[in-house]
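Peer 1: Residue numbers (this note's numbering), protein chains in the order written: chain H, 1 to 241; chain W, 1 to 212; chain D, 1 to 247.
Treat the hints loosely; a few may be bogus.
Stated by the list, open to error - Cβ pair distances, simulated, as ranges: (1) L56/H / E74/W: 52 to 60 Å; (2) A146/H / M197/D: 27 to 35 Å; (3) N143/H / D75/W: 54 to 62 Å; (4) T52/H / Q46/D: 32 to 40 Å; (5) P91/W / S241/H: 17 to 25 Å; (6) S10/D / Q38/H: 50 to 58 Å; (7) N143/H / D56/W: 47 to 55 Å; (8) P91/W / L56/H: 33 to 41 Å; (9) A146/H / P91/W: 37 to 45 Å; (10) D75/W / S150/D: 49 to 57 Å.
Claimed, not checked - In silico DMTMM-like cross-links for lysine to aspartate or glutamate, where the CA-CA straight-line distance does not exceed 20 Å: (11) K239/D / E97/W; (12) K23/H / D17/W; (13) K174/D / E240/D; (14) K87/D / E97/W; (15) K31/H / E97/W; (16) K12/D / D17/W; (17) K87/D / D193/W.
It is worth saying that the hints were derived from the structure and are not from the lab. Every residue gets a Cβ at the ideal spot worked out from N, C-alpha and C, and that includes glycine.
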Amino acid sequence: MTAEFTVNLRSPDVSVGTATAMKAVFVRDLKIALRQPQDLLNPLLFFVMVVTLFPLGVSPEVSFLEQAGSGILWVAALLSVLLSLDHLYRHDFDDGTLEQLVLQPQPLFLLVLAKSMAHWVLTGLPLVLLAPVLGVMVHLQGNSVAVLCLTLLIGTPVLSLIGSIGAALTLGLRAAGVLLSLLIIPLYIPVLIFGTGTVMAASEGAPVAGQLALMGAFLVLALTLAPFASAAALRISLSNS
Amino acid sequence: MSEPLLQAVNLECERDDRVLFRDLSFSILPGTLIRVEGPNGSGKTTLLRILAGLNDSYSGDLLWRGQRRDGYREDFLRNMLYLGHRPGIKPLLTPIENLRALMAGRRSVPDKVLWQALEGTGLGGFQAVPCHSLSAGQQRRVALARLLIADEPLWILDEVFTAIDIHGVAALEKLLIERVENGGAIVVTTHHDLRLPAMQRVTLGGGDGYDR
Amino acid sequence: MWQIFHKLGSPKWFFGIASTLMPWLLWVGLALMVAGIGWGLAFAPQDYLQGNSYRIIFIHVPSAFLAQSVYMMMAVAGLVTLVWRMKLADVFVKAVAPVGAVLTFLALFTGAVWGKPTWGTWWIWDARLTSMLILLFLYFGVIALGAAISDEKSSARAVAVLVLVGVVNIPIIKYSVEWWNTLHQPATFKLTEKPSMPAEMWVPLLLSVLGLYLIFGWLTCLRMQTEILVREGRTRWVKELVQAGGN
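Bound conformation, chain H alone (with noise of 0.2 Å):
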């Protein structure tokens, strides 16, 4: 080790644009999911043997799974969802990243969609794609099965940015995991009804287009609003550590 701390560096001061640094945060956590690929994948497998758990559990009829589908899926998604939020915030809090973060010069509620954004990519739409595999399974009818993808794919961004609320509050706290889904569950409610409303009616032939626009609405105030409470949350959070 010849060279320390000797250079004294000085380069051309040009700050950098909140979209990019949006775009590095996101850039950032896909890069180091996509380093431990088996984290990626646990939440999937979650969803699959939950999917699986009700037709052994309560009934493996056609008529059953085809009442009962759209639910299950939905529900399966929203607890895999809920059981990656931990992962959200912790590993950044404990290597002090999460400090840094707070500390960027941008508006800490737009780097906090970033990551919630990157959660989705990571937890939300690998579910969205694997819907298809077990709408089948539960013997979702042709249409419904396009429905349900299209609910989870407006619904499972809106669990991602509430969720990101309920990780930010429960940073730093012991069982933290359990109180993150007494937050949050509460909250899931509406977007659960619609979300399985919608394959309902789809599958009885009804439209469901306005069912479609209302849980756009829902997506669009949580990406308004829910950043903001996250932001705060985890100034709370890290003001306590």
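Assemble chains W and D onto chain H, guided by the hints.
Peer 2: Using the frame of chain H, we list chains W and D on its own:
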């Protein structure tokens, strides 16, 4: 005399029913190093986190360049560099990726400069190895590489000499001295015996913390 | 103006005011409750459909009413906590959250008891009962989060964020649950509409609602005073107060 960068006015912090400090006032001027001293548990880290804007459960005022800091948060953050207990290094990323990610939110720095900075902290040859395979001291050096490319006038460094070997400590000391001579302002906590010409002290933990 | 606001937030000032108000709140509240419930149980006419079983509304409706407005009050106090850092607002949220949960439970319980003769079953997944159940979950979340964070200030601020998130969600939850199940009878009475029940029924109902509000006010003052004594135990005025009480 030059204008202070950051001023603490009557700071008071109470934590878990214990007063850590109260009526604490001092100014951080360019070209000075302030060492925050006190026994374990006297609130050194808490004070640094308050100064850095990470902890906002305090009463009193913080003035940034003469104005209340709350209104100038972005300007403050652009001009302040904080290194905490936790180095802010992702174990799964390589040093160069970590440095890139840390700088991404602040300034766009050419990759060449980042490689040189890592070399400058004695990490030459380790730039592309995942950080989890580095030692604790090496991981801290990744974080310290930021000091070589930092242009923020205010540095807040918590236990900056932790896990650094003797050579590293001497070199780092030299870097801090040069920095102060060039007009930088530095606030540090350290158990290392630091002796610098322009050093001021802020001592915490005077009372038992319980009196009112 | 600012000084008045700060004075309003001072625990010591509140302690004094609360002590003066509390007897009034308690006795007037009790009187209204006794009048409302007594009238409702003994003198109000029978319902032509439900007979006497409907009389549980004189407990059910006030507690359901208050359970929801307590959450709203908590949200207002939460906003005050986040914006102005007023100590008293923290104390308020912490003091009333369990009361709100108990009231929600009471509303659910009386709803179930009412359900037995009306629907023939203790529990029905009807829209309003389900909404109340979710409200109870929200209260549980608030209490659990408050208990999990040991530092008072952080705890109060975290809870404030949660309550505000909850309050944005309450209308969405209500709407969703109603969409999910539209089988229930319309709301018993709304302040803006002319009540559909005869005056002999809604006047005692109104009395018991008012009475419960006042008793809630009394209980809140009491709980807040206790909480203030715990928090401010080391200050001079509390020490003096304790000494004066001891002599």
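Peer 1: Kindly indicate which numbered hints from before are broken by the structure, ordering the numbers from low to high.
Peer 2: 2, 4, 10, 11, 12, 13, 14 and 17
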